[in-house]
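In case you want the letters, here they are:
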Amino acid sequence: MTVVTTQPDLPPRVEAPPVQPLVARVALIGNPNSGKTSLFNQLTGLNQKVGNFPGVTVDKKTGYSQLTPKLKVQMIDLPGTYSLYPKSLDERIIIDLLYDPKSAHYPDLIIVTADASNLKRNLLLFTQLADLQIPAVLALNMVDVAEQEGVKIDIPALHRELGVPVIPMNARKGKGVAALKILMTQQPEPTKVKFYEAPAELQPLLQKVKARFGLKNDYLALQYAHHHKSLKFLKEEDVAWLDEQLQQNGFHSITLQSNETVARYTRINEMLLDVVRVEKTAKGEKFSNRLDQILTHKIFGYLIFFTILFLIFQAIFAWASYPMDLIDQGIASLNSLIQDNFEGPLVNLLTEGVIAGLGGVLIFVPQIAILFAFIAILEETGYMARVTFMMDKIMRKFGLNGKSVVPLMSGVACAVPAVMSARTIENWKDRMITIFVTPLMSCSARIPVYTVLIALVVPEKYYLGFLNLQGLVLMGLYIIGFLAAIFSALLLKTILKARERSYFIMEFPVYKMPRWKNVGLTIVEKSKAFVFEAGKVIVAVSIILWVMASYGPGDNMEQARALALTEAQARNLTEVQTENLIASHQLESSYAGVVGHVIEPVIRPLGYDWKIGIALLTSFAAREVFVGTISTIYSVGEEENVSTIKEKLMAEKDANGDPFFTPARGFSLMIFYLYAMQCVSTLAIVRRETKSWTWPLAQLLYMSGLAYVMAFITYQALS
Amino acid sequence: MRKKAEQKPGQKSVRDLKIGEQGVICCLNDPEMGLKLLEMGCIPGTSVKLNSRAPLGDPITIIVNDYTLSLRLDEAETILLKQ
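Order-wise, the sequence lines are chains X and E. Taken in order, the first sequence gives residues 0 to 718; the numbers are from numbering that gives the first Met the number 0. Taken in order, the second sequence gives residues 0 to 82; the numbers are from numbering that gives the first Met the number 0.
By construction, these hints were calculated from the structure, which means they are not laboratory data. Quick caveat, the model's predicted, so the values are computed rather than measured. Among the clues, some could well be false.
[Unchecked claim] Derived Cβ-Cβ restraints for the label pairs, each shown as a range: (1) X/Pro-203 x E/Gly-56: 18 to 26 Å; (2) E/Arg-52 x X/Gly-464: 35 to 43 Å; (3) E/Leu-55 x X/Phe-531: 35 to 43 Å; (4) X/Asp-324 x E/Thr-45: 53 to 61 Å; (5) X/Leu-471 x E/Leu-55: 25 to 33 Å.
[Stated by the list, open to error] Using 30 Å as the maximum straight-line C-alpha spacing, the simulated DSS-like pairs for lysine-lysine come out as follows: (6) X/Lys-285 x E/Lys-17; (7) E/Lys-17 x X/Lys-392; (8) X/Lys-86 x X/Lys-59; (9) E/Lys-17 x X/Lys-174; (10) X/Lys-119 x E/Lys-48; (11) E/Lys-17 x X/Lys-191; (12) X/Lys-297 x E/Lys-48; (13) X/Lys-511 x E/Lys-81.
Glycine included, each C-beta is placed from N, C-alpha and C at the ideal position.
Work the whole structure out from these sequences, hints included.
Take a look at the structure:
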């Protein structure tokens with residue numbers, strides 16, 4: 000409300016007072032597949048942000064919707080859910096937001112999206128929200144689609160029954176969005192209709208809960224009773240008090256929830272009797288079922304899925320290389336621009352530490368964008384649900400679940416967003432196993448390491464005219480990574496104790512055309528998450544490693560320089576070659592080099608020397624750093640292209656004068672990089688997603704151990 | 000539901016349906032799982048049809064309230080049908 004000032008001595012205001020909105024915060028909620036995300040995108044456009052809910056690992060998506068030129072409201076996008084009894088981590092955010100009226104995030108209004116062709120089920124959630132007495136609006140989505148399918152809804156009658164505004168709309172096409180915006184400028188009122196009355200025998204308990212927490216609403220009190228253990232804002236003594244009260248009253252949560260659900264459905268059925276008329280069976284459903292007969296067919300189903308997977312991989316590698324080269328060149332020219340104009344250790348830190356680290360992050364953005372474009376399209380069309388359906392039985396054998404397919408697939412681009420996508424898995428054990436094994440999938444950061452080493456030890460041969468031997472080896476590495484992931488899952492399945500039962504009850508969405516705006520926003524969102532989450536860590540560690548590689552104990556670095564200069568003069572090297580030689584000598588004398596020498600005895604059984612030791616060390620933050628370090632150690636110089644590195648490495652001799660990079664050493668290194676964690680960003684994201692250090696540390700130890708053993712076996716078997 | 004209904008010998012569950020065959024839900028015999036199924040619209044008295052099976056026979060899809068739901072055979076077994 001605006002305050003009217005009447006004091007005459009105040010100077011008259013030149014500017015009009017800002018319009019105080021009646022509604023400041025709007026939460027958007029609805030069933031999965033009810034068009035909630037489309038509506039959110041329509042209302043906010045690019046004006047959205049992903050942040051962390053305080054105290055919760057789950058992201059919240061917020062945005063601003065411009066209602067009039069002067070008025071905007073904050074929109075909070077909540078995860079899709081069927082009821083106020085959350086089943087997954089994602090859904091738990093809802094109760095944290097809606098059950099604490101004192102919270103700063105508590106909404107003034109909720110928009111409940113409902114799919115008009117499936118009103119009955121969609122209204123279950125609505126009636127629960129209405130009973131909480133939060134002002135609500137029903138966004139009745141896809142009305143025209145439902146009408147085409149023979150579902151007629153009497154909107155005025157529905158409005159009377161529900162007691163809240165009902166806006167018919169089509170969120171995909173933006174119809175009804177304007178009406179919704181007008182509504183948001185008005186004073187919202189909660190409905191006077193009550194949809195569910197808690198059983199009389201619970202009344203004494205509910206009164207006590209209301210008194211203790213200062214609540215006005217019976218249903219909210221009931222929800223406190225149901226969820227007291229997971230409500231973050233309750234104090235410990237409050238939880239204990241509730242626990243005791245519930246014990247005394249013989250409160251049986253599951254039975255009560257079931258009874259409530261049945262009672263609500265009975266009420267909804269009565270309500271809808273005069274509101275909804277269905278004239279014929281759904282046409283879209285029939286079309287979807289026919290399509291399913293092919294797409295989930297015994298043989299064609301898998302064939303189609305693997306063809307799509309193959310296409311995605313092709314696209315990631317073929318299309319992404321152009322923007323990746325551009326980014327690479329851009330970073331390189333930015334670096335040389337800075338180096339040409341400035342000098343000093345700070346400049347080196349900036350170019351070789353910060354910008355190089357940043358480049359290492361940015362270069363993967365195209366691959367991540369392409370992968371998530373595909374995943375978003377598959378999800379938007381409804382095909383992904385069929386993939387999880389087809390894969391569930393196989394995955395279950397390994398302690399995973401149909402829904403683990405998405406993280407495992409995403410892991411091929413980058414484990415960071417892949418680990419984040421495991422949130423859709425409701426079951427704790429399935430989710431933890433998925434997160435644990437996802438980094439074993441060969442991510443794109445391994446590609447530079449694989450390509451350099453394959454070029455080095457695998458001859459370029461063709462079989463049957465088109466099967467490239469190097470390509471086959473690369474594919475083999477991906478397969479080994481996948482097998483490692485699923486067998487690790489199997490191992491973990493026997494170790495971990497389940498906290499709750501795993502289930503796979505899921506709505507099969509009707510096939511639809513993808514909404515390109517949603518696809519675009521997903522790409523932007525995932526790329527941003529990757530750049531910021533992974534970027535922070537990689538840049539930080541790059542700086543540390545730069546310091547380690549640029550400074551040495553005592554005057555080691557100067558001595559190395561002097562030594563290199565003498566050697567260069569003796570060998571009559573050019574200026575560039577001299578510079579390279581200095582760099583490689585200095586790296587050997589740096590702290591990184593010292594550590595490389597120290598760990599040499601440990602890695603010798605794998606076939607590595609101290610030079611590779613340095614590379615292992617510097618690439619701990621991110622694998623792709625391996626190539627850069629190797630090219631410095633072997634003084635390849637500025638041009639880090641594969642063929643130059645290859646020639647240099649091939650020329651490298653061991654103590655006996657034989658080539659150092661034998662197939663045994665090359666494969667041992669490939670296998671090491673395949674299994675080893677070597678990615679601080681993944682560790683950071685696992686820590687965030689599991690909210691404990693146990694998981695990332697267990698992962699680090701397990702993967703490093705596996706890498707060591709497997710690389711050892713490979714080297715010993717091949718040499 | 001209210002009480003855990005025992006599956007009587009000869010009582011059919013959704014698991015026993017053939018593709019295309021219909022039945023009417025009598026009760027759900029697993030309270031925990033039942034809750035999720037109830038929320039998804041598997042209410043006693045609703046008719047249910049077995050729609051398809053995954054390539055390896057499990058999970059299956061059923062049609063309740065005009066929409067398609069996928070679930071595993073173990074879960075389908077908890078939805079008992081009226082005789």
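Hints and how they fare:
{"no.": "1", "hint": "X/Pro-203 x E/Gly-56: 18 to 26 Å", "verdict": "51 Å, violated"}
{"no.": "2", "hint": "E/Arg-52 x X/Gly-464: 35 to 43 Å", "verdict": "41 Å, holds"}
{"no.": "3", "hint": "E/Leu-55 x X/Phe-531: 35 to 43 Å", "verdict": "40 Å, holds"}
{"no.": "4", "hint": "X/Asp-324 x E/Thr-45: 53 to 61 Å", "verdict": "58 Å, holds"}
{"no.": "5", "hint": "X/Leu-471 x E/Leu-55: 25 to 33 Å", "verdict": "29 Å, holds"}
{"no.": "6", "hint": "X/Lys-285 x E/Lys-17", "verdict": "19 Å, holds"}
{"no.": "7", "hint": "E/Lys-17 x X/Lys-392", "verdict": "19 Å, holds"}
{"no.": "8", "hint": "X/Lys-86 x X/Lys-59", "verdict": "17 Å, holds"}
{"no.": "9", "hint": "E/Lys-17 x X/Lys-174", "verdict": "42 Å, violated"}
{"no.": "10", "hint": "X/Lys-119 x E/Lys-48", "verdict": "18 Å, holds"}
{"no.": "11", "hint": "E/Lys-17 x X/Lys-191", "verdict": "46 Å, violated"}
{"no.": "12", "hint": "X/Lys-297 x E/Lys-48", "verdict": "20 Å, holds"}
{"no.": "13", "hint": "X/Lys-511 x E/Lys-81", "verdict": "35 Å, violated"}
Consistency note: the structure conflicts with the earlier hints numbered 1, 9, 11, 13.
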